[in-house]
Amino acid sequence: MEILGYFNYWVFAIVLMIGLYAVIARGNLIKKLLGLSIFQSAVFLMYITMDKVEGGTAPIIQPGAVDQLYSNPLPQVLILTAIVVGVSTTALGLAIVVRIREAYGSIEEADILEEDIYDPEDQKEDPIP
Amino acid sequence: MSVLAHLPALVVIAPLLTSPLVLLLKPRGLAWLAALVASLASFAIAIALTTSVLEGTTPGYEMGGWPAPYGIGLTIDALSAIVLLVVTGASSFALLAGRASIDSQIAPARQPYFYAAWLLAVAGFLGIAVSADAFNIFVFMEISSLACYVLIAGGPDRRALPAVFKYLIIGTVAATFYLIGVGLIYMMTGTLALADMESRIEAVADQSPILVAAGFITIGLALKAAVFPLHVWLPNAYTHAPHIVTVFLAACATKVAIYVLLRFDFFVFQQNLIGHELQFSFFLLPLAVLAVLIASGAALAESNLKRLLAYSSIAQIGYILLGASLVSVEGLTAGIVHLFNHALAKGALFLAVAGLALGASGLDLEDLRGIARKRPWTMAAFVAASLSLIGMPGTAGFISKWYLITAAIEQGPLGMVLVTVIVVSSLMALAYIWRVVEPAYFQSSETSSSAGEPAASTRGGAISWLAAVTWIAVAANFYFGLQPALPLSLAANAAGLLLGHMP
Chain A
126 MEILGYFNYW VFAIVLMIGL YAVIARGNLI KKLLGLSIFQ SAVFLMYITM DKVEGGTAPI
186 IQPGAVDQLY SNPLPQVLIL TAIVVGVSTT ALGLAIVVRI REAYGSIEEA DILEEDIYDP
246 EDQKEDPIP
Chain B
51 MSVLAHLPAL VVIAPLLTSP LVLLLKPRGL AWLAALVASL ASFAIAIALT TSVLEGTTPG
111 YEMGGWPAPY GIGLTIDALS AIVLLVVTGA SSFALLAGRA SIDSQIAPAR QPYFYAAWLL
171 AVAGFLGIAV SADAFNIFVF MEISSLACYV LIAGGPDRRA LPAVFKYLII GTVAATFYLI
231 GVGLIYMMTG TLALADMESR IEAVADQSPI LVAAGFITIG LALKAAVFPL HVWLPNAYTH
291 APHIVTVFLA ACATKVAIYV LLRFDFFVFQ QNLIGHELQF SFFLLPLAVL AVLIASGAAL
351 AESNLKRLLA YSSIAQIGYI LLGASLVSVE GLTAGIVHLF NHALAKGALF LAVAGLALGA
411 SGLDLEDLRG IARKRPWTMA AFVAASLSLI GMPGTAGFIS KWYLITAAIE QGPLGMVLVT
471 VIVVSSLMAL AYIWRVVEPA YFQSSETSSS AGEPAASTRG GAISWLAAVT WIAVAANFYF
531 GLQPALPLSL AANAAGLLLG HMP
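These protein sequence lines are chains A and B, in that order.
For the first sequence, our numbering begins at 126 and goes up steadily by one.
For the second sequence, our numbering begins at 51 and goes up steadily by one.
Do not rely on the hints blindly, as some may be mistaken.
[Stated by the list, open to error] Simulated restraints, written as ranges between beta carbons of each label pair:
id	chain 1	residue 1	chain 2	residue 2	range
1	A	Ile-128	B	Pro-463	44 to 54 Å
2	B	Gly-347	A	Asp-241	17 to 27 Å
3	B	Pro-463	A	Thr-206	46 to 56 Å
4	B	Ile-324	A	Gly-230	51 to 61 Å
5	B	Arg-423	A	Gly-230	37 to 47 Å
6	B	Met-466	A	Asn-197	50 to 60 Å
7	B	Gln-257	A	Phe-132	16 to 26 Å
8	B	Gly-114	A	Asn-153	36 to 46 Å
9	B	Gly-106	A	Phe-132	48 to 58 Å
10	A	Leu-170	B	Gly-347	41 to 51 Å
11	B	Met-466	A	Leu-205	46 to 56 Å
12	A	Val-209	B	Gly-106	37 to 47 Å
13	B	Gln-257	A	Gly-181	19 to 29 Å
[Said to hold, decoys possible] Straight-line C-alpha distance at most 25 Å; calculated DMTMM-like pairs for lysine to aspartate or glutamate:
id	chain 1	residue 1	chain 2	residue 2
14	A	Lys-177	A	Asp-192
15	A	Lys-177	B	Asp-256
16	B	Lys-424	B	Asp-153
17	B	Lys-216	A	Glu-227
18	A	Lys-177	A	Asp-241
19	B	Lys-216	B	Glu-352
20	B	Lys-216	A	Glu-234
21	B	Lys-216	A	Asp-241
22	B	Lys-424	A	Glu-240
23	A	Lys-156	A	Glu-227
24	A	Lys-177	B	Asp-246
25	B	Lys-216	A	Asp-192
26	B	Lys-216	A	Glu-239
27	A	Lys-156	A	Glu-239
28	B	Lys-216	A	Glu-233
Please keep in mind that the hints were generated in silico from the structure rather than gathered at the bench.
Where is the CB? At the ideal position from N, CA and C, for every residue including glycine.
This is chain B alone, in the form it adopts within the complex (with noise of 0.2 Å):
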């Protein structure tokens, strides 16, 4: 066999054997290096991968070369290759620009273990979107929350302590719920393997265990995603990690659920038990509606930069699950393309966030005033990327919007509802993101040069550096707005799998 047919596992592989071996390697420079390669080896075996699902294919892999029953089976299609894509890419590009952030704020003695943990935690989600088997996906949901969970608490700040302390609980309770599910769903049909769950569900599916089953991991996956009302966790998380930790986990952490959660509800569940597809929209399409419209005004209060932008996520998830439950091909086709659409552009804020956070006194909106005069070309790449988040035409982020707004309109009155919220929600985006651009245009710092930039000579080139890689990704939000072709027919591939077995 050639090396090519193992790349479904060699893409979890990588960093997962990279990361003791980081260890090894003392002097900083080196972890780093091992670390950005492991990440980069997986991004373009993620490429390489979603090259042959484009193509019509669906590769999969025999663990240790036992058949799917039996052994545990590695299937990868439009859905899978969309979350490697983002993970593979949002962990290259935060370890490529991140160097001197994560000197600034983790002791050069820790760092080898900071990037073991990071690999972990790479390995981890990208385990998640291969694996075809519902423990091995529970197995690698602890992997990475738990490399998680050390990351969040490797910085200065030590607020992140009780912050990740909170994580570590609700994690827990959210992964353990998910657990009960499966080992419902086990005792009722024998088997983990989702493909065989499948099609062994419906003999069963009017049966209490499979519909309490459905409820636990339906909670268990929105507690891990940080459904609105279940997000308590992440604003701190997101808010007192180290700021290169949050680039990471803000592009993929949440989405990693999110997938768990389409592939459990549409593959499993949805066309076996009757009723289920109104239950999950019940369910989801009024939190989605509260997420974004609460989310956002809640963005609109807070003072401080990390926590706004985490803010903002909550609501963008809300509009992927906006999509998700109109249960159409549209309204899928939407969500998917805007968690695609939302980790470009809220990676490129928050890398933006970790240049201005070089050397500046903090990231309250008051410490920004005058911030784009000491750094423009990172507050310009700011603005750039935040018109993504908006949606501005011409940026990834407007072609989502279009698709949802789409969507919503062909479900009839209520559409216009959604539509309306959909508007509303953006303008207070608009709104939220003035607030940051208004002190750091047109209003002066006090304390002046003098205070708050230490060394600017040696911190030159990082941040210059810093800043390039994060206009690179800038650039690829309007490169995706502009031809957004690869995520459109991924996720349109990705939604008529998921909807395929609808009867």
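This is chain A alone, in the form it adopts within the complex (with noise of 0.2 Å):
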């Protein structure tokens, strides 16, 4: 069957609509941020899955093993440094969720939108933090 041996493509492409419909269609920044990251993962699991070689195993060298076969490592490697990146932007993003929370009391974007319209003169210029 075709489309079942694309299984893992189709749960990539699926994932990652979720994702990014998650990060448009909500107004809150926390559910944005939680979009965000699946879209993410949605990539990680692209890489996983391209880098399977059926009946491989870790690509470790053992005394005694010939003709080993091996996943290949390299996508493996890429995307333990995109984690890393995913979870550095969501670090950041939670923190800029904080400090919005700190100056307009609410982490919703229409509130927040709707704030910066209607109060116009509260202070364009918060003091020096």
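Dock the two chains into a complex; use the hints.
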């Protein structure tokens, strides 16, 4: 079955779109970040899928084992880096949400927009934090 | 090996390693000095590298001594050299001029962190420019983006926070798109080195993953480069960032993304994918024209000075892509020269804005009434730099528009439409700059001198210093307008490289 053979890639595409939808459709900043994390996780799945070799094991050289079949380690290394990047992005995003909450008292996008539009005199320059 | 052989790596390592060092320097004067020294060192290395590129060599480097397919290679050709010059130059000028502006906007205790993030951003941008490895570019892209988010959110303006959140979301989606594209190419070619991709992609060019990858990479980078209509993150981020950060970002953040876009689309895809050249033009040319017209129109309606200039930046990105989307040597030369010249003009303009903001009550056009009387030199620098933005003969902006028009005319009837667009948008630029000049010179401030001039005596020195550096940047605009040999030869060289592999 051609379609089932690409099972992981179908999951990749669906998870990717779920994440992107959450980023676009949700007004809550935390939910947006959740969506972003789902979006990035989908890409991790894509990289991990492509390195899999049927019947391959972990790429560790063992004494005595000749003609051992290994999975490709490179995409795994790449995605390890990408996971670190994803974690730092999420951490920074959450830190910004904390500061938005402190400055605006809300983490709903609509509230924040409203506050900036209807409160133009609310001191453009806060005192230096 | 002499130290010269290590220059391609050192240009990135200097700011990267100084960054944690700056954190330890608590007295803020020292932190500023260390950041400036690292930035100037990179600038000097960039100049040295550019000199050797102009002599016809292509400095390369193998990280850790591993040859290219296994290790990560660094390559510096004419296109990278121009980006290196823009990034290091913008950072050095901004830091040199910006001490007073940074002091007024960022609390002393936070300044070491600010400078550390600044150097990380510089290192990230430079890393993108020197790297010859697709995944390495992604890593450096994220380093620079994360550092930029911190820089933008670092100021006193709370509206920077929602702006930076939006930038973070869009920037991350863009980088992830790029990552998907790189993954698909790796899947089909088994390599991450750009040079190997270029030679191996031909065999699999008709496979759909490669087409999908081309789409993902182009859209992802267009998001990062704020190509109209993917620019929504840019105006707010530029407007509410600390003034000096805006100088730096406006001069290089989007330019670096355009650099990667050009490198990927021309080096990797262009000569291998059938019809890619047409797809590239049909996709980008209309967007570029719309960017030029609509963003200039938006600038005409803006009431905040920084936001007005931000919309003008979007229009200028349109010019660069307009040149590139003609897919001819002349067009690419014009686009790349404009990348350099616009960085000069916009950098000088935002430096002048930082000078105007010191002690002014705000940056809405209404707040600028009569500012020319209070800050004659800074305002004069603003006007001189905007001449370059508009494209007056004798300025750097004229050179790039001249080349752009020449390249457009060669395209036949369509070219005449493009020439009209360029001329109309230049007139629009004249109009939106006039909207700033008019209140500044011909209206008097109602609040008179009593308000909004705190401690003029102590700030006087800092303001004249900022104005002096701004004038140096303005002088560079005129110098490269009269002596355009350096950017032109680099750009022509780069255009030749980009199109060199075309069948």
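Next on the checklist: Of the numbered hints stated earlier in the document, which are not met by this structure?
Outcome noted: Hints 18, 22 and 25 contradicted; others consistent.
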